[in-house]
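There are 2 protein chains.
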Amino acid sequence: MNESGKPRSPDVVWHHATVTRERREKLQGHRGVVLWFTGLPSSGKSTIAHAVEERLHQTRCRTIVLDGDNIRHGLCGDLGFSAHDREENIRRIGEVAKLFVEGGTVVLTAFVSPFRRDRERARGLLLHGDFLEIHCRCPVEVCEQRDPKGHYQRAKEGQLKDFTGVSAPYEEPSDPELALDTARLSIEESVEKMLTLLRDRGVIR
Amino acid sequence: MNESGKPRSPDVVWHHATVTRERREKLQGHRGVVLWFTGLPSSGKSTIAHAVEERLHQTRCRTIVLDGDNIRHGLCGDLGFSAHDREENIRRIGEVAKLFVEGGTVVLTAFVSPFRRDRERARGLLLHGDFLEIHCRCPVEVCEQRDPKGHYQRAKEGQLKDFTGVSAPYEEPSDPELALDTARLSIEESVEKMLTLLRDRGVIR
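Chains as they are written, first to last, in the working numbering: chain F, 4 to 208; chain Z, 4 to 208.
Chain F with its partners taken away, still in its complex shape (with noise of 0.2 Å):
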């Protein structure tokens, strides 16, 4: 066997892929690409991460979401919180995305993300069109009610450092593909608006 089809003679090695991304995407129906929600602890973006995955699987999409839960357990629990460590951090998250683009897969990461240059540069992994960011927008002080872990108030009370939205600064996304006012929309609503950026981007049908 080898990659034109062509009859081979004993010992030709070839280990090019054949299986691409377009004939995984054709196969199902939709594209892959990265949804990166970015936004203040509490700001929504693992909620709404998780109910547009559901609303896409139950459309036969294939989804994947990247958060804490799956990440800094496993591929990065050898990662602290230095400023060194969280760069790599998101950069991991970047290059994991890519792969599951390359598998046709969309992809929701839901990760603070507080710093414009990290996330441009995950951004500039991809080709364009593949990266979407999306701003979950909400007061500091919204985001500090829901607050389920209590982490807003054990910032204040100095007890985590370089808590971001407390002691450490987060950097608005000046140019997202998407804001979501999450302190204004209900779930469905932020849904809605992001699966209509998913149609008008080509996506989804």
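Everything labelled a hint here was simulated from the structure, so no lab data went into it.
Possibly wrong hints are sitting among the right ones.
[Claimed, not checked] Covered stretches of chain Z, going by a simulated chain F footprint (3 or more residues, C-beta under 8 Å):
id, region
1, 50-59
2, 129-142
3, 167-174
4, 197-208
[Said to hold, decoys possible] Here are the simulated DSBU-like cross-link-like pairs (lysine-lysine), alpha carbons at most 30 Å apart as the crow flies:
id, chain 1, residue 1, chain 2, residue 2
5, F, Lys196, F, Lys152
6, F, Lys29, Z, Lys29
7, Z, Lys164, Z, Lys29
8, F, Lys164, F, Lys152
9, Z, Lys196, F, Lys29
10, F, Lys152, F, Lys29
11, Z, Lys196, Z, Lys164
12, Z, Lys164, Z, Lys152
13, F, Lys196, Z, Lys196
All C-beta atoms in this analysis are idealised placements derived from N, C-alpha and C, irrespective of residue type, glycine included.
Given chain F, put chain Z in place with the hints provided.
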């Protein structure tokens, strides 16, 4: 937002995954699994992985091949070839493979992965039955003859250090799920053995 997933009024917020591996697998009609190819350089790992992928794709399976081409220049682009870095390389590949299995994908990894301990660690990340070790068993003399990039020659001339099979050890799997004698078998025969394994293990029908 609350963690327990209970509804709360007025703006019900949850962020747990509802799209599970099981739902994805049901949608697709096959299981996620890692096929971990291991063997000397030029023993046929990538070749057989890609040939198996082609066959699986033709039956509508979701697949991805992880190999040097898409890992060493991306996710592991920061790593060199020290003992630590080689170990970390395999660790990350195992973690990424785990994410793809969660996504319901048949992941084919094609790395020399010469050390038993590293492979066992990757196996340990996954549930029993989700990690199938495939040993591409091939005499070093045959690998050397194939050697498309002239690596064996360069290693023998001392230009490549710590080259597995020449100047670095390869630890054979003691109990792989499948051993393929790639010097003797045609690619087609190896692919058939792989598909039989996948059917026997309930990965595909």
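Hints that the structure is at odds with (numbers, increasing): As far as the earlier hints go, 2, 3, 4, 7, 10, 11, 13 are violated by this structure, in ascending order.
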